[in-house]
Amino acid sequence: MNLLKSLCKQKAFQVGAVMALVWLFALADWLWIHMLPDSVLHLVFGSITGLVCWFVYKQSKSRHEDAIVFWSLFSFGIPVWWHAGVYFCEWLGLEVFRAYFARGGLAVFFVTGLIWVVWAVEQHAQKIEALRRQAFNLENVLTRKKQKRSVDHKIWNPLDPDAWYYGQKSPRLNQSLNGFVSYTVLFCLIGMILSQFQGCTQYYDLPAGGGENQAVQQVVKVQKIIRKKFILNPYSAINYNTPELDDVKLELNEVTAHRYTKMGFGEGDGAGFAGGTSDGTVGFVRLEYPGGDWNQDFGIGGDMNMLLKYAELTGQKVAKKTKAYSAAQLKTFDGVRCPPLLYITGQRNISLGNNDIKILQEYINDKHGMIFGDNGGSRHFHNQFISMMQRILPDVRPVRIPTDDPIHTRPYQIARIPYVAPHGGEEALGWFKDGRWVAYYHPGDIGDAWADGHAGVSQDIWANCYRLGVNIMSYAHIQHAKWRLAQKQSGGDE
Amino acid sequence: MKSLSTLMLMTLSWLSLASPALAQTKISEMSLDRWAKMREVERYQLNIAEKYFKEKKYDVAMSEYEKYLSLYEQSDAASFAQLKWSLCLNNLRKQNTAIKEGFQSVIDYWPDSPDAAKASYLIGKTFVDIGRVSYGKKAYQETIADFPDDAVAVYSLSGLAEIAKQEKDETSLVKIWKRLAFDIERTKLTGGTCATAANSLASYYFGKGAFPDALDSLKTNYKDERLAYYVYAYVRSPLGTLVGNEDTATVGLRLADQAVSFLKQNLETDLSTDELKAKAQTQWNQMIEVEKYSRRDDKVLAAYRSMLATFGNLDAIMGSLADYHVSQKRFDQARSIYRQFKDKVLGLSKVAQSYRAEANLNEAIKVYKQLAGVDAENAATWQGEEAAAYVEVKQYPQAIQIYRSLVASDALNSQKWLWALATTQRDANLLKEAIGTYRQCENFPENYRQMAGCHRALKEYKEALVLYGQIIGRSESLAPWAQLQVGYTFE
Numbered sequence: 000m001n002l003l004k005s006l007c008k009q010k011a012f013q014v015g016a017v018m019a020l021v022w023l024f025a026l027a028d029w030l031w032i033h034m035l036p037d038s039v040l041h042l043v044f045g046s047i048t049g050l051v052c053w054f055v056y057k058q059s060k061s062r063h064e065d066a067i068v069f070w071s072l073f074s075f076g077i078p079v080w081w082h083a084g085v086y087f088c089e090w091l092g093l094e095v096f097r098a099y100f101a102r103g104g105l106a107v108f109f110v111t112g113l114i115w116v117v118w119a120v121e122q123h124a125q126k127i128e129a130l131r132r133q134a135f136n137l138e139n140v141l142t143r144k145k146q147k148r149s150v151d152h153k154i155w156n157p158l159d160p161d162a163w164y165y166g167q168k169s170p171r172l173n174q175s176l177n178g179f180v181s182y183t184v185l186f187c188l189i190g191m192i193l194s195q196f197q198g199c200t201q202y203y204d205l206p207a208g209g210g211e212n213q214a215v216q217q218v219v220k221v222q223k224i225i226r227k228k229f230i231l232n233p234y235s236a237i238n239y240n241t242p243e244l245d246d247v248k249l250e251l252n253e254v255t256a257h258r259y260t261k262m263g264f265g266e267g268d269g270a271g272f273a274g275g276t277s278d279g280t281v282g283f284v285r286l287e288y289p290g291g292d293w294n295q296d297f298g299i300g301g302d303m304n305m306l307l308k309y310a311e312l313t314g315q316k317v318a319k320k321t322k323a324y325s326a327a328q329l330k331t332f333d334g335v336r337c338p339p340l341l342y343i344t345g346q347r348n349i350s351l352g353n354n355d356i357k358i359l360q361e362y363i364n365d366k367h368g369m370i371f372g373d374n375g376g377s378r379h380f381h382n383q384f385i386s387m388m389q390r391i392l393p394d395v396r397p398v399r400i401p402t403d404d405p406i407h408t409r410p411y412q413i414a415r416i417p418y419v420a421p422h423g424g425e426e427a428l429g430w431f432k433d434g435r436w437v438a439y440y441h442p443g444d445i446g447d448a449w450a451d452g453h454a455g456v457s458q459d460i461w462a463n464c465y466r467l468g469v470n471i472m473s474y475a476h477i478q479h480a481k482w483r484l485a486q487k488q489s490g491g492d493e
Numbered sequence: 000m001k002s003l004s005t006l007m008l009m010t011l012s013w014l015s016l017a018s019p020a021l022a023q024t025k026i027s028e029m030s031l032d033r034w035a036k037m038r039e040v041e042r043y044q045l046n047i048a049e050k051y052f053k054e055k056k057y058d059v060a061m062s063e064y065e066k067y068l069s070l071y072e073q074s075d076a077a078s079f080a081q082l083k084w085s086l087c088l089n090n091l092r093k094q095n096t097a098i099k100e101g102f103q104s105v106i107d108y109w110p111d112s113p114d115a116a117k118a119s120y121l122i123g124k125t126f127v128d129i130g131r132v133s134y135g136k137k138a139y140q141e142t143i144a145d146f147p148d149d150a151v152a153v154y155s156l157s158g159l160a161e162i163a164k165q166e167k168d169e170t171s172l173v174k175i176w177k178r179l180a181f182d183i184e185r186t187k188l189t190g191g192t193c194a195t196a197a198n199s200l201a202s203y204y205f206g207k208g209a210f211p212d213a214l215d216s217l218k219t220n221y222k223d224e225r226l227a228y229y230v231y232a233y234v235r236s237p238l239g240t241l242v243g244n245e246d247t248a249t250v251g252l253r254l255a256d257q258a259v260s261f262l263k264q265n266l267e268t269d270l271s272t273d274e275l276k277a278k279a280q281t282q283w284n285q286m287i288e289v290e291k292y293s294r295r296d297d298k299v300l301a302a303y304r305s306m307l308a309t310f311g312n313l314d315a316i317m318g319s320l321a322d323y324h325v326s327q328k329r330f331d332q333a334r335s336i337y338r339q340f341k342d343k344v345l346g347l348s349k350v351a352q353s354y355r356a357e358a359n360l361n362e363a364i365k366v367y368k369q370l371a372g373v374d375a376e377n378a379a380t381w382q383g384e385e386a387a388a389y390v391e392v393k394q395y396p397q398a399i400q401i402y403r404s405l406v407a408s409d410a411l412n413s414q415k416w417l418w419a420l421a422t423t424q425r426d427a428n429l430l431k432e433a434i435g436t437y438r439q440c441e442n443f444p445e446n447y448r449q450m451a452g453c454h455r456a457l458k459e460y461k462e463a464l465v466l467y468g469q470i471i472g473r474s475e476s477l478a479p480w481a482q483l484q485v486g487y488t489f490e
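So the sequence lines, in the order shown, correspond to chains L and X.
Using numbering that gives the first Met the number 0, read the first sequence as starting at 0 and increasing by one per residue.
Using numbering that gives the first Met the number 0, read the second sequence as starting at 0 and increasing by one per residue.
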């Protein structure tokens with residue numbers, strides 16, 4: 000207690016505590032609250048990381064004199080570096096590094112904690128044994144030499160190697176094992192609890208504006224050029240060079256252009272959606288699922304290309320980056336203001352638990368969401384996706400979506416499904432429920448066509464893949480905007 | 000769900016009123032009468048369009064149908080051209096346009112033509128095909144109401160049954176099946192649909208343990224001997240499911256009794272000729288098979304006893320009984336029956352087989368050696384079986400030794416023994432020896448395929464690639480596979 004009081008009075012400790020609090024608040028805001036602007040988070044994470052590095056560097060010079068302080072400081076630095084690493088990698092769009100930081104940091108954090116637990120248990124055990132040696136009395140021992148320890152009195156303290164449950168044979172080994180197992184179980188338990196913690200409600204606002212769900216029409220104007228006519232006398236003495244019929248060129252000047260309409264839904268200034276907000280943006284959200292490679296072509300150079308193309312072709316405001324959410328995170332979205340489209344891709348397993356399936360059912364049925372599946376490279380994924388949909392919508396059968404369906408004609412006419420490779424066939428499948436497509440499945444890796452390099456396919460194909468992407472995103476957002484308005488009018492959640 | 004049932008009932012009552020002088024042609028065909036009424040020029044143009052349609056060149060066919068419509072709009076076949084134009088759109092996967100601008104136009108412009116009924120049905124079917132099940136259901140109901148005398152009403156009913164099945168609406172499903180099975184007069188066009196519904200209904204009733212109802216359903220399709228056969232065919236699977244479940248076992252056993260009793264009544268009793276005897280034996284076997292599904296051992300054995308009493312101790316019947324004992328793992332009883340066979344060689348070979356099934360190699364070998372003595376003419380075959388028995392228990396050296404001796408002694412079948420020897424060597428991981436033996440086989444490309452596999456297992460990739468190359472060059476059917484293997488080998 001005295002040690003704690005004296006610690007609290009130390010200035011360095013006070014500074015450290017304040018830093019820790021600020022860091023914890025920034026962390027909570029980044030993960031769950033989403034209140035602070037990005038610039039503040041940059042500042043907090045950057046400055047605290049820098050300060051911790053400086054403290055560690057400073058302390059490293061005197062680490063031989065006070066090793067415990069140095070290693071304590073170093074250990075506190077680990078979660079700071081871990082989270083800062085993940086945060087800045089995410090901000091920079093370095094998804095691969097983000098994943099390495101996230102997993103590696105967790106492993107280092109676990110090992111660091113384990114080392115401290117082992118050290119603390121050992122220190123305490125040595126202290127107890129030292130005390131016991133001081134109190135050693137040979138006569139007492141001789142009088143009770145045949146009696147077992149446990150018969151004297153049962154020691155319950157787990158830090159004491161003589162505790163009865165560690166046994167007679169190798170109590171120190173059992174104590175270490177106990178420390179390791181208890182720590183691991185506790186670590187996993189806390190991890191599970193934190194992963195279930197969903198934080199505050201998230202919102203996905205549509206960009207304000209209006210527009211029509213019209214097909215982009217190609218307008219061809221043919222301008223007739225009236226050629227000057229000369230009246231010539233064929234019997235004239237003057238020899239005119241009369242051109243042969245074949246030499247006469249019909250001069251048609253084709254003016255070809257796309258007629259752009261304001262894309263969106265409802266009435267409002269600029270391209271957007273009625274009922275949207277000025278801060279609202281169109282985002283590209285994918286599902287982070289266990290079991291496979293959900294992050295195929297994720298972020299800059301991947302699905303971000305699609306989002307930028309969507310902005311270019313529709314004129315709507317889009318988010319600064321694409322996002323990925325787990326099913327649990329998806330649940331934290333508001334009942335109405337949630338992402339209209341959820342992209343799922345990969346080429347391996349989709350291992351969703353019953354809770355995840357329930358969340359996706361709720362997402363489709365109650366939150367009016369739409370799933371956009373994309374086969375990232377195998378027949379296996381095709382089967383995985385179909386069976387996942389069978390679990391989500393057991394009463395709806397997948398059908399081949401007609402090429403004249405609005406999803407294939409507005410805003411762009413898609414005459415034939417463009418694909419990189421027909422991993423799951425050549426036809427797009429759809430799940431139709433309550434008057435709309437609730438899921439669209441692209442069988443041929445559309446995400447790869449959007450990515451940098453376009454998987455080596457011809458321009459016609461990747462350009463069409465972008466158009467199809469715009470159609471699907473536009474369809475999902477318009478359907479959601481209509482539903483949001485209906486909810487508003489009927490006094491729904493909003 | 001209740002409203003659906005009500006709608007179904009309404010449509011069914013409509014249908015029951017209809018006197019089914021059902022339609023004349025298939026959905027995509029026009030009747031000969033109408034073809035005959037056409038002018039030569041019209042027929043010529045329609046034939047061109049039909050030709051492209053049959054060749055699945057739907058976009059070209061569409062233009063030809065359009066041409067027909069613009070040239071001969073007033074003709075009798077105009078509605079048919081419009082219908083086929085819509086079907087082209089359907090095949091080009093523009094179903095929404097097909098419904099709105101195609102099928103609907105047939106109904107609107109030619110409401111009295113035979114094609115209007117087809118168009119009405121196709122609207123429902125197309126809606127279902129593109130996932131608009133509720134619209135499809137409505138369209139089917141309208142078809143039944145508007146064209147009750149036409150075959151499309153039956154097809155629509157069948158479509159409604161599919162929807163009910165998908166929606167797990169059992170009540171509606173059974174009602175529709177009943178109507179299709181019992182109330183619709185069957186024609187050439189609708190007979191298949193009704194018969195399928197009747198069979199489905201029978202399966203459903205068997206699954207519920209309602210034997211008389213199931214029998215009534217089957218009676219609408221089959222009579223006499225065929226009826227008994229189809230009872231046997233349809234009752235087994237539901238019976239197995241019912242008996243396998245503790246809660247429904249009683250129902251299952253009752254169903255088994257009823258089915259067996261029915262099959263018994265229909266057994267052929269006239270055994271005067273060989274043909275009749277064979278027929279009766281088949282019926283007996285079917286009856287016993289149903290007993291087997293009921294998992295009542297005593298009843299199965301009793302049935303076999305009755306059969307033996309009726310037909311005498313025929314090897315076939317005794318073999319079937321012994322096989323049943325084997326399936327119940329009563330090997331000794333089975334063998335005692337096999338040994339009573341009139342055909343001693345067959346009996347002994349069955350005995351050896353039963354030892355092999357029991358993994359009793361020594362006894363099996365003894366019997367095979369005995370067989371080689373008894374049936375000296377086929378001694379090589381029995382030695383081959385002996386070697387196969389060794390392979391089964393992975394005693395490869397003994398098997399290889401026998402196969403080697405067979406290659407030397409049985410020159411007529413040397414290829415067969417070489418192949419068996421090579422395969423055994425491969426399984427024994429004697430890959431180099433296996434390659435050498437496969438090389439002597441003459442069944443290209445299979446031997447090259449196996450040799451390449453052995454080379455790959457030995458990490459001799461170049462040799463494997465050479466062999467795959469030879470397969471590509473000489474075997475058209477295996478070339479794609481070999482090309483793929485080349486890729487895998489490089490990988």
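If you're looking for bench data, these hints aren't it; they were derived computationally from the structure.
Where a beta carbon is used, it is the ideal one built from N, C-alpha and C, also for glycine.
Certain hints may be false.
The following label-pair restraints were derived from C-beta to C-beta distances [unchecked claim]:
{"no.": "1", "chain 1": "X", "residue 1": "Leu300", "chain 2": "L", "residue 2": "Arg347", "range": "25 to 31 angstroms"}
{"no.": "2", "chain 1": "L", "residue 1": "Ala414", "chain 2": "X", "residue 2": "Pro110", "range": "51 to 57 angstroms"}
{"no.": "3", "chain 1": "X", "residue 1": "Glu462", "chain 2": "L", "residue 2": "Phe108", "range": "48 to 54 angstroms"}
{"no.": "4", "chain 1": "L", "residue 1": "Ala414", "chain 2": "X", "residue 2": "Phe443", "range": "56 to 62 angstroms"}
{"no.": "5", "chain 1": "L", "residue 1": "Pro421", "chain 2": "X", "residue 2": "Ser408", "range": "52 to 58 angstroms"}
{"no.": "6", "chain 1": "X", "residue 1": "Tyr487", "chain 2": "L", "residue 2": "Gln458", "range": "29 to 35 angstroms"}
The hints, checked one at a time:
Taking 25 to 31 angstroms as the suggested C-beta distance range, the pair Leu300(X) and Arg347(L) does not conform, at roughly 53 angstroms. Range check, Ala414(L) to Pro110(X): about 33 angstroms between beta-carbon atoms, so the 51 to 57 angstroms window is missed. Distance hint check: the CB atoms of Glu462(X) and Phe108(L) are about 53 angstroms apart, consistent with the given range 48 to 54 angstroms. In this structure, Ala414(L) and Phe443(X) break the distance hint of 56 to 62 angstroms, their C-beta atoms being roughly 47 angstroms apart.
Roughly 55 angstroms separates the CB atoms of Pro421(L) and Ser408(X), a value that falls within the hinted 52 to 58 angstroms. For the pair Tyr487(X) and Gln458(L), the supplied restraint of 29 to 35 angstroms holds, since their beta-carbon distance comes to about 33 angstroms.
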